[in-house]
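Chemist: Here is how the chains run, residue by residue.
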Amino acid sequence: MTTPSGTVGADHSASTAGRSRTRETLVAWSFALPFLLLFGVFMAGPIAAALVTSFTDLRVTDIRNPLSVDFVGLANYLDVLGDARFQKAAANTTVFVLVGVPLTMALGLAAAVGVNQGVVRFRTIFRVGFYLPVVTSIVAIAVVWRLLLGSEAGLVNAILAGFGVDGPGWLSDERYALWSIIFMAAWRNLGFLMVIFLAGLQTIPGDLYEAAEVDGAGRWQRFQRITLPLMRPTLLFGAVITGIGYVQFFEEPFVMTEGGPLNSTLSLALYAYDQFSFGNYGYTASIAFILFIAIAMLTLIQFRLLRPAT
Amino acid sequence: MSTLAPTHGDAPTKNNARGDRGGWWIYILLVIGIILLVGPFIWMVLGSIKTTGELRQVPPTWLPENPTLNNYAELFDRLSFVRYFFNSAIVAIAVTAGNVIFCSMLGYALAKLTFPGKRILFAVVLGTLMVPAIVTFMPLFVLVANLNLVNTHAGLILPFLVGAFGVFLMRQFIGGIPDELLDAARVDGAGEHYIFWRIVMPLCGPAIATLTILTFLGSWNSFLWPLVVANTEDMYTLPVAIALFATGQQETNVALLMAGSVVVILPVLIIFIFLQRYFTQGIAMTGIK
Amino acid sequence: MRSGRRPGAILLALGMIVALAACGRGDDEGGGESAAASQAPEVDTEAASGEVTVWAMGAEGENLEVLADAFMADNPDVTVDVTPVPFDAAHDRIVSAIAGGEGPDVTQIGTTWMGEFATLGGLDPTPANIDASTFFEGAWDTTVVDGTSYGVPWYVETRLLYYRTDLAEEGGVTEAPATWDDLKALAEGIQGAGAEYGINLQPGGTGSWQQYMPFFWQAGGEIMDDAGAFTLDGEPCVEALTFYDSFFEEGLAAPAAGDVPIEGQFANGDVGGFVSGPWMIGIVTDAGADPETWTVAHQPTEEAGTSFVGGSNLGVLSDSDNKEAAWAFIEYLSQPEVQVTWYETINSLPSVQSAWDDEALAGDDLLAAFGEQLDDAKAPPAIATWEEVAAEIDAVIEQVTVGDLSAEDGCAAMQEAASSIGAG
Chain X
1 MTTPSGTVGA
11 DHSASTAGRS
21 RTRETLVAWS
31 FALPFLLLFG
41 VFMAGPIAAA
51 LVTSFTDLRV
61 TDIRNPLSVD
71 FVGLANYLDV
81 LGDARFQKAA
91 ANTTVFVLVG
101 VPLTMALGLA
111 AAVGVNQGVV
121 RFRTIFRVGF
131 YLPVVTSIVA
141 IAVVWRLLLG
151 SEAGLVNAIL
161 AGFGVDGPGW
171 LSDERYALWS
181 IIFMAAWRNL
191 GFLMVIFLAG
201 LQTIPGDLYE
211 AAEVDGAGRW
221 QRFQRITLPL
231 MRPTLLFGAV
241 ITGIGYVQFF
251 EEPFVMTEGG
261 PLNSTLSLAL
271 YAYDQFSFGN
281 YGYTASIAFI
291 LFIAIAMLTL
301 IQFRLLRPAT
Chain C
1001 MSTLAPTHGD
1011 APTKNNARGD
1021 RGGWWIYILL
1031 VIGIILLVGP
1041 FIWMVLGSIK
1051 TTGELRQVPP
1061 TWLPENPTLN
1071 NYAELFDRLS
1081 FVRYFFNSAI
1091 VAIAVTAGNV
1101 IFCSMLGYAL
1111 AKLTFPGKRI
1121 LFAVVLGTLM
1131 VPAIVTFMPL
1141 FVLVANLNLV
1151 NTHAGLILPF
1161 LVGAFGVFLM
1171 RQFIGGIPDE
1181 LLDAARVDGA
1191 GEHYIFWRIV
1201 MPLCGPAIAT
1211 LTILTFLGSW
1221 NSFLWPLVVA
1231 NTEDMYTLPV
1241 AIALFATGQQ
1251 ETNVALLMAG
1261 SVVVILPVLI
1271 IFIFLQRYFT
1281 QGIAMTGIK
Chain P
2001 MRSGRRPGAI
2011 LLALGMIVAL
2021 AACGRGDDEG
2031 GGESAAASQA
2041 PEVDTEAASG
2051 EVTVWAMGAE
2061 GENLEVLADA
2071 FMADNPDVTV
2081 DVTPVPFDAA
2091 HDRIVSAIAG
2101 GEGPDVTQIG
2111 TTWMGEFATL
2121 GGLDPTPANI
2131 DASTFFEGAW
2141 DTTVVDGTSY
2151 GVPWYVETRL
2161 LYYRTDLAEE
2171 GGVTEAPATW
2181 DDLKALAEGI
2191 QGAGAEYGIN
2201 LQPGGTGSWQ
2211 QYMPFFWQAG
2221 GEIMDDAGAF
2231 TLDGEPCVEA
2241 LTFYDSFFEE
2251 GLAAPAAGDV
2261 PIEGQFANGD
2271 VGGFVSGPWM
2281 IGIVTDAGAD
2291 PETWTVAHQP
2301 TEEAGTSFVG
2311 GSNLGVLSDS
2321 DNKEAAWAFI
2331 EYLSQPEVQV
2341 TWYETINSLP
2351 SVQSAWDDEA
2361 LAGDDLLAAF
2371 GEQLDDAKAP
2381 PAIATWEEVA
2391 AEIDAVIEQV
2401 TVGDLSAEDG
2411 CAAMQEAASS
2421 IGAG
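First to last, the protein sequences are chains X, C and P.
Number 103 in the working numbering belongs to position 103 of the first sequence; there are no gaps in the numbering.
Residues are numbered in the working numbering as their position in the second sequence, beginning at 1, plus a constant of 1000.
Residues are numbered in the working numbering as their position in the third sequence, beginning at 1, plus a constant of 2000.
The hints are simulated quantities; they were obtained by calculation from the structure and are not laboratory data.
Hints are not guaranteed to be accurate.
Claimed, not checked - Taking lysine to aspartate or glutamate and the DMTMM-like style, the derived pairs with C-alpha atoms no more than 20 Å apart in a straight line are: (1) X:K88 with P:E2388; (2) P:K2184 with P:E2303; (3) X:K88 with X:D207; (4) X:K88 with P:E2303.
What the hints assert, rightly or not - Now the stretches of chain X that chain P is said to cover, found in silico as 3 or more residues with beta-carbon under 8 Å: (5) 55-62; (6) 216-230; (7) 240-250.
Claimed, not checked - Residues on chain P that point at chain C, a partial pick, calculated with CB under 8 Å: (8) L2067; (9) D2069; (10) S2096; (11) E2102; (12) A2289.
Think of the CB as a built atom: it goes at the ideal place given N, C-alpha and C, for glycine as much as any other residue.
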């Protein structure tokens, strides 16, 4: 069902064109002004400053006289792209995003649909429970997950041992560490997506489902034909937000593995953070803007794929 | 306006009456999911009533051997709890209110009004969401220092009073509201602001609830910014204070940290539990076909 | 495009770029080298007055008021205002404060941060009122940046070998290890007596350089030479790195950080020894280890028996507007009696040598061992880029112990990475 957008509106504005458009513009800016003022000062300003910084060799030792640094053009960007650690971090991050975003979205959507349509009682408990990892401190989460994934004393390996399988070091083996982190991130963030998808599910009128059921459509068909298409704007939003978040994934490797073992869980954001803490501000800025370009491209792709068909 | 009044839960329950057929396996899956998801939280709560010594034990224990409220007592004893809570609350409430109001306004303009530069504006706003926050940290602090806002509530609030995320969320959500609704009001002579406040916002219950929860959570838990902006103890927020007492140069007092984490989570949880019922607010769009 | 903002933004960016091009670095002032660290002229601390804001981290921050009150009783014209700061991100906070000009008068500074803060001009040089020789040499060296001292050691810590004496005896080792061979024999003996791992050493990861460096120093190595160039490779490195790696190669040390805290494993007898600082005394006791079954030992000796010294220093920010009173307070905190009181308050080990003569410290065997080690303890050079160099060393250690990099290649890699980073 597509909302017939704009037909009535277009007719209306056609009649009082010029004056109405100016008025509409003024009104629109009156809505935008508070945001723009704060945004311009506190967000756009610092970002512009950071952009300029990325073209200099600013280091922490320069912060008392930041204007007396050398302008180095694209040198930072080239150094970053050529750095082996950056390339490793980029590879890790790509895997993380390509696997993590669909995984988290699927889990979040399943949770939302399940809670919304599959259960009647205890809904509140389920909603709160699924959202809990999002609000639980990463420190507590890290402690528990280390207990689960520990190679010797971990619960997962204990269970596997019961089946006679010798579990590997989920966090200490460089072949498995990244997958463990991906799974942990999906687990942690599905509640966030569940909340958003629940909001989106509310906009789907119930009688659509009834009508479909009367027509003999099964559960899965109802999901495919009604839920998914109507959820497109929400799914797009979820995908973009999760994508943006995951390209910058930081907390999980920071707390669990510090980027190891052997840089197998080093993320681009963690790499940038390390450089920031060394005081290489110009270099860090260029990493950030490379990240920005990556995120922008990813978002564009997502918009193309999931754009509501109008 | 009665056709637009939200009908609580009518539509969904009709679904579920039928959905329950074959629905018990969903219950099982969800219960397993819940256990996995709630586990760390339970561990955190149990940890907060254990002694530090017990938390160091190998193998780790689940239920506390000598449950104690000492950690909480110590926390409240050493913290000027009321002050830190007050700071956190003021900042989080202000930031949340600012986001809900100002981001919705811009979201409405982007979704439902036409004006030149609209698409570029949206692209720019969305673009800032994609720049990793770490680079803006230093310039932002220098800016705030130059505005003489260090160690003030304003310095804690203003930089985050609006955010790109809220604009994105509200624009998407408001975009889904049928134009006929708004045009009907325009034909009746309603101005845009009236339409926004009296028609659009009430329909945005779920989105506003979502934005409130997420913004409040982000602000309440924020650590790094309050840490550098608050120069004196009386401006500290709760997470800063807890890190102060629980983390040391070489060791972490895990028990205190657990207790502190529980204390920090509670307000967010309460707000979530209170707001999550709005997710079932059925918008009676069915009245308009 | 219709939006009028775009050309404006471009102009602004261009303007900034032009302005930046007009600026640029001036010539570097040559760094002077001097045998003994130079200090600033004496400061008149007798006439101290006014307000002094102090930042201190963690437990120090909470308890410093006790000493501040005593100081204020002696100096009624001065008000000392202590703000406790969390350790997490304290570094970022101090850097921001210096950048924004919003810092305190006195601040506690981690020993490895001195190089950075001094090089960026944030710290005031130590006045001659304060006598360098009263402090442990290794600790004092952490305050010296480019030949000048920029602060005062406040409290110190050093690393000793903790080991299970009962398991060692079972394994045939009755004396504390004095040489590298003894250390190896100790680990083997303990493992023979049934422990899973004879010793715990960090296999790379953040901070592993603090466990590796002592061996490097013991083999006669130096991180930097007098000319300011890195000397991380060479014989001492290969020797030390091979020795360090051998524990992992021979299965004497766990190849990955354990899931559970080391104190638990130590108390259980799963691990026979580890290297750490004085804070572990309380933690190990807390974990249930019987005091009869373990002790601490001096680092083994090859060419020297050197350990790592860390801790915290105190410094005065160059932007401070009350430097006399600030230094007066620091002078007060450096008095031996006050250092002992401070130890009794929160168990921080004094940086002043004569404070260790006090019964409170001399009478405790375990602590006395730490005191003895402090006579032979070194710290890394106080350069602005140390954290970055240390991270590269950590990475190489990981590649050698967990990966399959050879010790020779590892040493070469360390040297190359350090040289390309430079000393800032």
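Chemist: Please go over all the hints and tell whether each is borne out by the structure.
Modeler: Hint by hint, here is what the structure shows:
1. X:K88 with P:E2388: holds, 18 Å
2. P:K2184 with P:E2303: Roughly 17 Å between the alpha carbons, so the hint for K2184 of chain P and E2303 of chain P holds.
3. X:K88 with X:D207: Not satisfied, since the Cα-Cα distance of roughly 51 Å exceeds 20 Å.
4. X:K88 with P:E2303: Judged against 20 Å, a Cα distance of about 40 Å means the pair is violated.
5. 55-62: holds (count 6)
6. 216-230: violated (count 0)
7. 240-250: With 0 residues in contact (Cβ-Cβ under 8 Å with chain P), the coverage given for the segment 240-250 of chain X is violated.
8. L2067: violated, 17 Å
9. D2069: violated, 16 Å
10. S2096: holds, 4 Å
11. E2102: holds, 5 Å
12. A2289: For A2289 of chain P, the interface hint is violated, since the closest Cβ of chain C sits about 11 Å away, which is over 8 Å.
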